[in-house]
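*Asks:* Produce the entire structure from the sequences given, and follow the hints as far as they go.
The working numbering numbers the first residue of the sequence shown as 1 and each following residue consecutively.
Some hints here could point you the wrong way.
Stated by the list, open to error - Only pairs whose alpha carbons sit at most 27 Å apart, straight line, appear in this in silico DSS-like list of lysine-lysine:
hint, residue 1, residue 2
1, Lys357, Lys317
2, Lys323, Lys338
3, Lys435, Lys462
4, Lys357, Lys338
5, Lys435, Lys395
6, Lys395, Lys357
7, Lys338, Lys317
8, Lys357, Lys323
9, Lys462, Lys395
In short, the hints are calculated from the structure, not lab data.
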Amino acid sequence: MSGVWTIYRKELRAFLVAPLTYVLTGVFLALGGYFFWATVVISGVASLAGFFGNTTIVLIFLIPVLTMRLWADEESRGTGELLLTSPVSLGQIVVGKYLAAVTLFAGMTLLTAGYPIILYLFGEPYTGPVVAGYLGFLLLGAACVAVGMFTSTLTDNQVIAAVSGFGILLLLWLLQWAAEALGGTAGAILGGISALNHFASFNEGLIATVHAVYYVTVVAGFLFLAVRNLERRLWRSPERGAQSTILTVAVVGILVLANVFAVRAPWQLDLTPEGRFTLSGQTRQVLAALRGPVEITAFVRTGSDSPVPDLVQAYGKASRQVKARVVDPLREPSLAQKLGVQQYDTIVVQQGSRTRKIDPDSLYTTVPGEYKTEFNGEQAVTRAILELGQEQQLKVAFLTGHGEASPEEGLTQLEGDLRGEGYDTVTFNLAETGKVPADTSVVVVAGPQSDLSPDELEVMRKFVNGGGRVVLLLDPSQRSFSGWASLARELGVELGQDVVVDPVRAFIFDVLSPLPVMEDHPITSPLSERRMQVMLPRARSLARAALPATASGAAAAAAPATASGTTTGAGTASAPGESAAAVAGPPVVTSLLRTSAEAWGEPLTGERVKIEKNPGDPGGPFDLAVAVERANPAATEGEPAPVAVVVGNSAFIQDDFLGFQGNRDFFLNAINWLTGKKSLISIRPKVFAPPMITLTPNLVWYSFYGFVVALPLLLLVSGGLIWWRRRAL
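*Replies:* Below, the structure is given as structure tokens:
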């Protein structure tokens, strides 16, 4: 190690007193600063992905010039023979020189630390991709330096060494484009050799052993070749040449095997904010329970930056039962035609003779009013796998006839989301049919404007007491609907005749649009973990109801004031009309959403709500949404059965408000909890929302002059001063 340290200090000192070092660093900072300014400051995106992606091209030209002197300079000055015959081994010489060049490159990279500082001062960047990006950039630079070290040992001409290094690095870059053009096995092999292909994952926030091992083996391989090339000058017999060739082949083979092993035994650390490259625990449970092989085929255009290939390959890595492949429909048109694929980004899931095709329209959702797109790929693929394994699709029925919102009016986005979760949606009118549609799993009542008739109330009672599930979304109303109030009371819930005012937890300054606290429950926990809120514009309060015993299978005693938030639902909803014994016992009511203690209930006395707390107004905290369960004698260990979710608001699921943070997820989680499809409760869309950075016009130009002009100019001037001083000596 002493030999390595001696060579390292010598080379580093030579770099620091060389004017070319400062010129190259200045050029690197000027180009890097411009890329940062153009891709971050001007675009307003708080991400360094654009900076890294563009600056990697600079390394092709810069590093060969930086490393061309490592050995070629020794040869040109006549000191090469002295080093070769010195007590220091050739391996120590090569490693020492290499480490000095890598240290210099790391120092150049360190000078870009001002870029992430700007991101954190004026934005909220995702730390994971920044860390992964810098790590990948350093590994890529280290590999390029190893290439430059090798080419420097080929000649005593520094220009030829630089051109040779440029040629090898350019080839490693162009292989990616060749891989995209060829496709298939040949394309996969060339893509695995491409240096640019391996850096892309780091730039997206993924640290994977397959990519790290690639760079490490490139470094080891080219340093080994550099040592072999220097040793060749000391050979005195042909036998040594043959032995060296055998050794070189063996080492290259070992390095190739190391990459193959990394591919076959992958490990990765996903640092993306939404876990883009990581499947959820629910999906892994579904894959672990597979009873037969599943084939997932993604049809993606070659060279596309779509997240679909990463998703499909993640399924293949997660289970041996899953065969995942990505094909370009232009290269395999017969397969695309056979499976009826007509668009890019289509995913086909097959199990046995059954097939589910996922169109690209089902994979992406643009959130209204926000600059972000949600990727629903995992949700869609896992749902397709579940559907292939189930015999019957669950049905969600929307009640109409009382002025409710429905998929045809006000809930068009929600209908698409429900179908995306694997549900069939229908509407029905009790006044016309006199019964709930057969095989209905959940009935949704979204903001009725008139009351139930006695006959309709009886049908709904039989449905709920017979094992059916219901979602009641009941808005504040000046009129007292005795039918809806009676149905809610039978579920253990008392409807408040008020509209809730919450001055503490409200959306901006609208105290009539509370952002309630989420209690611990399978419906709300996934939202709390993601720090998402639910907004309920104009909501009524809910309370626990004291219920008398009835003979119809309703409550047998008063509902308790509190209940555990940990509940387990049945696999599917029972068919309506079953014996009431299926869900007998008193309702157990659990709070889901609750106001602050400073909230109060404003009585509805006119068209306009007077936001003024009077001595007689009820005070908070209030429940705004509750979950209802009943004891299920048929379940093991007395496991309770979900019965209903009651919310004092219906506007939150309508098209105008569904896109607000957790509104959509709260409702879908409620439906999945009621039907027992808990595998989908926490599988939510991955949001590709680039974090933003906001700079004033003055700061925009200050950053330009600082990063693109001043800092590089300082390095160039320093290089000029060193050159002038050395010339004066």
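*Asks:* Does each hint fit the structure? Answer for all of them.
*Replies:* Now for the hints, and whether the structure bears them out:
1. Lys357 / Lys317: Given that 27 Å is the threshold and the Cα spacing comes to 21 Å, the pair holds.
2. Lys323 / Lys338: holds, 18 Å
3. Lys435 / Lys462: holds, 10 Å
4. Lys357 / Lys338: Within the cut-off at roughly 12 Å; holds.
5. Lys435 / Lys395: Between Lys435 and Lys395 the Cα gap is close to 15 Å, so the pair holds against 27 Å.
6. Lys395 / Lys357: holds, 20 Å
7. Lys338 / Lys317: Distance ~26 Å between Lys338 and Lys317 Cα, so the pair holds.
8. Lys357 / Lys323: holds, 16 Å
9. Lys462 / Lys395: holds, 18 Å
Hint violations for this structure: none, all hints satisfied.
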